[in-house]
Every structure is written in C-alpha cells, then in structure tokens.
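Student: What follows is each chain in one-letter form.
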Amino acid sequence: MNIFSKIFKFYYEGFRSMTLGKTLWMIILIKLFIMFAVLKVFFFPNFLSSKGDTKAEKADYIATEMEKRTINN
Amino acid sequence: MEELVLWSRAQFALTAIYHWLFVPLTLGLGIIIGIMETIYYRTKNEEWKTITKFWMRLFGINFAIGVATGLILEFQFGTNWSNYSWFVGDIFGAPLAIEGIIAFFMEATFIAIMFFGWNKVSKGFHLASTWLTVFGASISALWILVANAWMQFPTGMTFNPDTVRNEMTDFWAVALSPIAINKFFHTITSCWVVGSMACIGVSAWFLLKKRHIDFAKRSIKIALPVGVIGILLTIYTGDGSAYQVAQKQPMKLAAMEGLYKGQTKAPLVAIGLVKPHEKAMQDKENPYYFNIGIPYTLSLLGYRDIDAYVPGITDLLEGGYPTTDGSVPLSAKEKMESGKKAITALADYKKAKKEGNLAESNKQLEILNANYSNFGYGFIKDESELVPNVALTFYAFRFMVIFGSFFILMYIIIAYFIKKKKPYENYKWFLYICIACIPLAYMVSHSGWLVAEMGRQPWVIQDLMPTGAAISAISTSSVATTFIIFCVLFTVLLIAELSIMFKQIKKGF
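Chains as they are written, first to last, in my numbering: chain G, 16 to 88; chain E, 13 to 521.
Any given hint could be a false lead.
What the hints assert, rightly or not - Derived SDA-like pairs (lysine to any residue); straight-line CA-CA distance at most 20 Å:
| # | chain 1 | residue 1 | chain 2 | residue 2 |
| --- | --- | --- | --- | --- |
| 1 | E | LYS277 | E | ARG223 |
| 2 | E | LYS515 | E | PHE418 |
| 3 | G | LYS46 | E | LYS61 |
| 4 | G | LYS70 | E | GLY90 |
| 5 | E | LYS61 | G | GLY29 |
| 6 | G | LYS55 | E | LYS277 |
| 7 | G | LYS55 | E | GLY105 |
Quick caveat, the hints were computed from the structure, so don't treat them as lab data. Here the structure is a predicted model, which means the values were calculated and not measured.
Isolated chain E (complex conformation):
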C-alpha cells in the first residue's frame, strides 16, 4: 500500500508541477499584454501594437500548449483517488464545474477575438477581449484554488453517513474561506511576478543581442510596475497565509520552521540547516545544525502577538499545549482513538440501518458526529506519520522567501537604472542575471506549492482523510505505467513549448 501511495502522489505531483509551468505565465503575461494594449489604445502609437502583438504571441504559445493539461488531474481523481473523489465529490465538483464553464465560455470566446480580431473588430472591443481573457483565466484559477483551500481547511459542509459523502451546506463559506481568499490573491499576484520576470528576462536577451533595444526597454518599463505590485501583494497575502496556517494547520507551520519544541516569543528562522532525519524530537537534541533566528517574529506573524506560544511538532503530537482560546488540544494518540471510533461508528451505523435497528443506528450516529472532526486520524497507524517532511518544507519555504526577496532587489536595481537613465543595455552581468531570473521565478513559484502541499502531509483533506485512505485499491504497476506515460507526454509538450517560444523570440518583434 505504501508503494501505491507513493506512486499515486508522485504521479499527481508530476502532473501538477508540469501544469504549473504553463499557468503562471498565462496569468502574469496576460496582465502585461493587457497594459501594453491599453497604452496602444490610448496613444494610437503603432509601435505599442507591435510590442503587444509580440508578447501576445508568446502568451498564445504558452496558452495553447498548456491548455487542458490540468484535465489530467481530474482523470486521476476518478481512477487513482476514487475514495477521495467520492468522499468530497459534492464539494469539489461545484468549484471545478464553475471553473470549467468559465474557462470554456470566457477564455475560448475572448481569446479568439484577441488573436483573430486585430483590424476586424473595433480597438475598444479588442482591448476589452484581451482584458476579459485575462480576467477569465484569473477567475478559472480562483475556483481551482477554492477547491484546494477547502482541502486545507474543510468548511461549509456536513458529513452524510448514508452516502459516505461530505455535502456542501454553505457555498459562500467554501468560496470565501479565509484560506481560499489568501491563497487566491497570493497565487495570482505571485504569477504577476513570474510574468514580469519572464518579460524582463526575454527583454534582457534582446538587449544583450543589441536587437529591438527600444521595444525591449519599453517592455521592461511595463513589466517592472507589474512585478513590483505583484511582489508587494505577494508578501502581504503571504503574511495572511502564514497567519491562517498558524491557526488551521499548526503542524505545517512547525514543519516550515523546523520547530520541534514550542515556545513563547518564538523566533522566525531566517537561515538554518535542519537535521534531515528528525521525525519527532524524542531525543531532545537541537534539530538544527545551525540557525539564525529573528526574535519574536514567529509569534508575531503566526498569532499577531509577540508573547504568543507557538506549538512545535512534539507539542502537537503530545497535546495539552497552551492555546489562545484556552482550550486543551488532544494528543495525537487521543485523536487517533477518536478517529477509529468515528470510522467504526460509520460501519456500525450502516449495518444497523440495513437491519432496520433505528435505536442502534441513532446511537452510532451520535458517536460518529461526536468524533467526526478526528475522522482522518482513524487511518493513522503511527503518530510519526502525522509529521510532514520537515527538511523539504523548511528549505522550500526559505527558498521561496529568500529568492522572492531577491526579486525585490532586482526590481529596485531596474527602477534605479531607469530613473537615473543608466545605459543598462551595456551591463552584460546584469542582463545575464535578468535572464537567469526566468527559471528562478518558476522555481520560487513551485517551492511555494511545495510548502503548501508537502507541509500538509499526510492529509489530503485536513484531519478528515490522509493520502493512504484517499487512494483507490488499484495495482501499483498501473499507476507506475501512467506515471511514465505522463512524464514522456509532458516532457514532449515542454520541449515543444520551449522550441516554439525560442523560435518566436529569435524572430523578434
């Protein structure tokens, strides 16, 4: 079973990672071409039309090759993750259906006008179509992120023991949950940074080659404010996300910080090296080889109070640590017992219902409801399974923050060069760094997802369903086979994307 879980997770991760190579550029570059076309619309300067059309071509290549790659994730839900799909289908289905409808009608309609409509529809209508395509793509992302946020913080539903499904009782609680709102804005604005870095990097290549210098510099002037606004909003929403993680997923926060023993006035680890094989700090050793912390910051960011107690991994497993509302958290073992009671009660409820024993079914239902919040813990064999991969989560978080901060530095330098009218087209070292920022921006974006998804392990649905319970009882070899097929298919698509993109970039504006 463990091997099957690993293959199923690997396949889903592979698909999601490849899909996420296409999405950020669509969302980020979309905003940039929208602004460029708006300038063309206002100035009637044909050069801006040329610039817009060049970036629109790259946008189109990325969109065409990336389109529908996310659908493969939905194939996997039905085959590899059938327990999960059944368990949450009623909730997950609604946002995904809305996403499908919006993606189809808005993007498919307006993207055609974007590409076919030059000189055929009015300039105003064309501009509106460009913005509606960008808006449609962002709204599509909203519903996917709402679905993902629900998995991190299940809300707005009740469990129906007859159908063994969670059923949505409050659509707005699902759509507007604080996790969903933060996740949406954090993701979208970080995509603006990716789009901005792609635009700056490609423009830097033109500057390096001494081609289209004016167009490249104008492109950078548009990408710069998009990136600056994007990164500032990413920081703001990232802070909101971290606060939500502290409240709703404290184990993820503890893993992000490599925090085993909780403390008040907890520092945030700025840089450090964690011991990779630590699971729970049973031996009370220092979990870091070395670390430099910023005093009070973790308490402040996680609980808005410098004196707040931040529970560590050991506290979360042992329970009974101090909380802001005065409640006494259960230990992992108590939660596991409670979860087992819930699952057994579900089976007994169904049996009693079949036998027509109303009194017994009501009794079991009461036990189930009383223990349902710990339902997922019933599948946990050993409490160490509740600890995510600390080293990976810790380093992915730092990679995201450190290189995200590096982009701020890059934007400051670019703004300085522009303001002081420096001939930065001659600074080869700087142009090479700009080009290197393209893959770096993708890596930062992916590391953010690593924190979100690896940090919440073992949960597919927080506290309700671990990955081991979510997968279908299928053969490991079939999942391994499709993993290899996807690997080949996506790699071919990526090669196609890059080769067509490079060809178009070489052609120039």
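Pulled out of the complex, with its shape left as it was, chain G reads as follows:
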C-alpha cells in the first residue's frame, strides 16, 4: 500500500469511527457555511472594490477620504 493510500485510509477510518467528533464536525461545517456562504457573501463585501477597480483608483479614494475626514474636523 503506497503512502497516499495509507494516509487516505488513516483519515477515512478516523472519520468513520468518530462518535463525539461527528457532532463537532457538524458544528464546524454549519459554522463555516454560515460564515462563508452567508456572512461573507451577503454582509461582508470588499468595500474598496466598489470604489475602484485598480490599485491607483483605490489609493486615490483613500487619500480623498482621509483629506475629507480632516476637512470635516
């Protein structure tokens, strides 16, 4: 049996024989789903991407924003 088969078998048997681990994996998967498929997609867009496509545009936006926040003082 080559090394990859051994590693696969190790993990496969490990996951199959889990008891408490099954519950924990379920929690991990639900949590990751909520985090990446719900929160990241719908609530946490990359804000700067909406302000410019290139790095130069984003840098200009930040510089303007900083100046504005000083002027607003």
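For chain G, the structure is supplied; the task is to place chain E on it using the hints.
Tutor: Okay, now just chain E, sitting in the frame of chain G:
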C-alpha cells in the same frame, strides 16, 4: 460618524471577546495534555493514557467550536475597516498570511493524528504530533500578536504616498519588536494560567462529586506547575510590557494609573477609586475619590529609575514635560497641526503628481515626511479625544493584577495541600473556589486585553491612524445588523461548547 465608529468598534470587540473565549483554553490545555501524554509515553501506564484522552476530548471540543471564529475579524477588516486595511495591508498581510499557512498545515495535520492516531501510529509519533499541535497553535498566536503589537508600536515600515500605504521595509523589526516579544510571551503564558485553572476547576468538580478522585488529583498535580510557571512568566513579561508601554504609549500608562499630573518618584496605585467622568484635569482636582499608592514604584517599573518623571494625562496634552533623553515633547495641539499639515501635503502631493508638477510634488513630499510621525493627529477634532477611557483602563488593569495575584495564592494553597498530603477533596469550600476560578481566569485574561485595547484609544495605529479615520464610509445600520447576527451566532456557539463540554465532563474519564 461617531455612531458608526461605536458600532464598528463594538462589533470588533464582540468578535474578539468571543474568539478569545476559545483561544486561551486551546493554548493552555494543550501544554497540559502534552505533559500528560509525555508521562504516559515514559511510564507506559495506561491510566495516564485515560487521563490524557479525557483532557484531549475537552481540548478537541474547544478547538472545533473555536476554530475559524477569528476569521470573522478578517471579514470586518475588508468591510468595516477598509481605510485601515488599505493603509496597513502590506504590513498586516504578511503576519496574517504566515499565521494562516502555519495554522492550516501544522494544526490541521497534527491534530488529526492526535485524535485519529491512537493505536495507529507509534506512541512516539503520536506524542510528537500532540506537541506539534500545541506548538503550531502557539506559533499561530505569535503572528496575530505580532500584527497587534505593530499597531501599538508601528515600526519597520515607510509610508508610500503614491499608494497611500505603509510598506514593510524590515520584516524582523516588525516580528521582533520589543512590544511584540513581550506581548507574545505575556499572552501565551497567561493562557497557561487559564488552562491550568480550567484543569484544576474541572478536577475540583470531580473531587466534589467524589468521582475519579485519583485521576482528578493527578490532573491537578500536572496543572499546578504549568500554572505556577505560567503566572511567574506572566508577571515577568507583564513588567516588560509595562516598561514598553511607558516608553511607547505613555498615555495608556497614565490612563492605567489614573495619573493626570505627572511627577517624579511616582507611586503605583495599589487600590483606588477614580472619578469616572474626568477627561483632562482642567480643574486641578484630585482625580481619585481615594487611593493607596506604593511609593516610587511607577517610576521604577516604567523607567527603571525611582527618580524618573512619569508624565500624566495633562502633561501629555500640554507637552514640554521632562524626558529621559532630554527632548521636549510637543503639545497635543502642536501634534494636531503637524498631522493636518501631513494630510494636506499628501493630498497636494497627489494633485501635483497628476499635474506633472515635479517641483511642487517634491516640496509637498518633504512636508509630508517631516510631519508623518504625527499623521494620525490630523484627524483629531479636540484634544480630549486623545484621552482613553481612564476609569475602564484603570479598573481593568487592577482587576487583572489583583486576581492574577489571587491565582498565585491559590497555587500556593494547592501546593501546600499536596506537599502536606492534606485530604483537600474533603474541603468543599476550597473546591468551590477552584471551580469559581475557571470563569475568573477568563475574566482576568479579558481584562488584560481591555487594558491593551481600550488604553490605546483613540488609536487603531499608534499616532498614525485613529479609529474615526480607519472605518469605512458604510451605513451604521448595516454594521448594527451584523453586530446582532454575530451576537446570536457566537452565543449559539458558546452554548454548544458549554453543553457539549458539560456532557463530556459528566461522562468522566
């Protein structure tokens, strides 16, 4: 804008606080199970394997439920803190990327062997995997703490006005800054205390229930030295941290002490009640309702010299106070002027560059560079904004120190009971105190973070960027909504963690 800043800060604090419920136990309990398994490896005594596996189960529950909760902080950087992310992304990105790679490869690989590998790999390989998991978790923490330390003491970078970013010029200056080194060891060793108290508290519960008495007592015997070494190193590194704070963040030190008027031979306030609404001591009143100080100690701890002058909040705002290197510090108003010059020069530099006016852009660049160290002060509207929440910082610091010292007392009592072979399993009062020490250890750990993070306000990056300049121009309602979502999500996770943990503890060894 103020409301948006508050919601953004509240959301970040909520996430960090919940994340920090899981991390200390992983780091602290990890060391304990490593030692337990090492004893099993050396003695071949199957009882030690049983003990190790019990604590490993609790470690696994905590790890599984806590894993990836920190990633939510990174989501927030991109959405709520985009100005900050852009401004420091080049520096912050490197440690976080290293953390991600190490966390993924080391922890994910070796934790699987830890849990699946009993009887499948050799005892030596299993033991090595346990220690490598603990080591990997600690190294992950190192890079997060390096990033945090950089925010408290920005170093090893230059500001690029074309990209409006701070760019790393010296990786080792960032990774090995004195603030980072102290912060890392202070945090890690304090986590050993949390892990030790958790182990002692759970074992005390078994003793109270008259179950697994031998296993519980053996667990306490392992947790005790881990806790003692942890608390002694925490004190040592805490002293180092306080010294660094005195040099790099004197306003934080002044807030920790409620010190408004600076003085030589400054005392350390052992206990006291500060007036909560003081901002700056304009009225020259005593800022305390009462206080008991230890003479000379603040000067000694902060500057290693009992005669040293420790500036207070008023001195830091007014400037011109005596310093160890003889320099004359600027007043807050002068720094605010200098900061405004830097920000205006940045805008003018970019404008001149676009117009192709090389002479003007060079002139503005010179102004920017000359004033860059005060860049963040340009966003400050009123000098009172430079004063953190004194009462909160003052009390959080005392809570940490007083109850941290209480743990030393607990360790002395436990060591005495063990040495004198006292039947402490019958001392119900003592066992209840041990159980109460579990939440207390978390509260002490969190109060340490409160001092570090509240004490540095208004800065996100010391002197370079205040929170008001760091946040994105997004709607307050969207941040409030995600705050509520996180509150619910994390509370559910915490309930899941506690209920699964309690169930496993009840099952016993």
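Student: Does each hint hold? Answer for all of them.
Tutor: Going down the list of hints, with the structure as the test:
Taking the CA atoms of E/LYS277 and E/ARG223, the gap is near 55 Å; set against the 20 Å cutoff, the hint is violated. Proximity of E/LYS515 to E/PHE418 is assessed by CA-CA distance (about 30 Å); at most 20 Å being required, the pair is judged violated. Proximity of G/LYS46 to E/LYS61 is assessed by CA-CA distance (about 31 Å); at most 20 Å being required, the pair is judged violated. Taking the CA atoms of G/LYS70 and E/GLY90, the gap is about 15 Å. The hint holds against a cut of 20 Å.
A threshold of 20 Å between alpha carbons decides the hint, and for E/LYS61 with G/GLY29 the separation of about 18 Å falls inside it, so the pair holds. With a C-alpha separation of about 53 Å, the suggested pair G/LYS55 and E/LYS277 falls outside the 20 Å cut-off, and the hint is violated. With a CA separation close to 19 Å, the supplied pair G/LYS55 and E/GLY105 stays within the 20 Å bound.
In the structure shown, a violation is registered for the earlier hints numbered 1, 2, 3 and 6, in ascending order.
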